[in-house]
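2 protein chains.
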Amino acid sequence: MTPEEEKILEANKNFYSALQSLNIEEMESVWLPEEWVKCLHPGWDMLEGWEAVHESWQQIFENTKFMRITMGVQSVHVEKTIAWVCCTEKISSATEGRFETAYVQSTNIFKLHNGTWFLVHHHASHLPAPLNNDAAEVVQ
Amino acid sequence: MTPEEEKILEANKNFYSALQSLNIEEMESVWLPEEWVKCLHPGWDMLEGWEAVHESWQQIFENTKFMRITMGVQSVHVEKTIAWVCCTEKISSATEGRFETAYVQSTNIFKLHNGTWFLVHHHASHLPAPLNNDAAEVVQ
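Line order of the protein sequences matches chains S and C.
Adding 869 to a residue's 1-based position in the first sequence gives its number in our numbering.
Adding 869 to a residue's 1-based position in the second sequence gives its number in our numbering.
Looking at chain S on its own, in the form it has when it is part of the complex (with noise of 0.2 Å):
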């Protein structure tokens, strides 16, 4: 792997630390806040342009008590200032009076602005089967 795959999968790993603390500053932080980022929610239409993402995010963060995410296969793939990562999840929540566990597929394409990798399109589906456990890695 070379030094430059190594800080896009940081930043991907900066992502999952974001969303599992519930703390929408940290969520601000790996994404660039332009007008064309897109997001998908598993279950969710697309949203587009950072006012809408960063809205969605509050509103995950305002319904959720707790989230444990439990990462699987990651693969990175670099062009120049633009890399994706594909990687699975398994993200254990609590709402308001319901615990669920999802296994989730995404598609997170980041670009490397002023010198950083930032989250420029997240897109998340459910999978269909457990993830392979040899591959697991807790988020920290």
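No lab work stands behind these hints: they were computed from the structure.
Nothing here was measured: the structure is a model prediction, and the numbers come from that model.
Among the clues, some could well be false.
Claimed, not checked - Residues from chain S shown here face chain C by an in silico Cβ test under 8 Å; the list is partial:
(1) Trp905
(2) Gly912
(3) Asp914
(4) Arg937
(5) Lys949
(6) Gln974
By construction, the Cβ of each residue, glycine as well, lies at the ideal position given by its N, Cα and C atoms.
With the hints as your guide, set chain C onto chain S.
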């Protein structure tokens, strides 16, 4: 819309024409046949590498009698030699003894190679609700 964006949307349209045609040669012509390309069909696990992706299309085409696609909203974002298209599709298909209609959201990543935009990543997932018919366009 810039001429480059038009070219990318044309490449995206060619992908859905190939899908609807159930013709493997047409599908081969829109992809960059690299070992790092990826493809997620709705409800499947993510496939990696042209060999696996190609095999999946063969399998889908062999098991499908008929497919009809109506495109919904499409948007494109270009960053030099990489671009991604987000689009929704209504896919009506017939397999052995079964007819079904699916609403799908896709993220398609294209790479400019020798002056032509090729598909290198397809992530498709089921949408919760029908498309907005105002933006519908039948694939020719």
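Checked hints:
With a least beta-carbon distance of about 5 Å to chain C, the hint placing Trp905 (chain S) at the interface is held under the 8 Å criterion. With 8 Å as the threshold, the beta carbon of Gly912 (chain S) comes within range of chain C, its nearest partner Cβ sitting at about 6 Å, so the hint holds. Below 8 Å, beta-carbon pairs count as interface contacts, and Asp914 (chain S) has one with chain C at about 7 Å; its hint therefore holds. At a threshold of 8 Å, the smallest CB-CB gap from Arg937 (chain S) to chain C is about 22 Å, leaving the interface hint violated.
Interface restraint check: Lys949 (chain S) against chain C, minimum CB-CB distance 7 Å, threshold 8 Å, status holds. Evaluation of the Gln974 (chain S) hint against chain C yields a held restraint, the C-beta minimum of about 6 Å falling below 8 Å.
Hint violations for this structure: number 4 only, all remaining hints satisfied.
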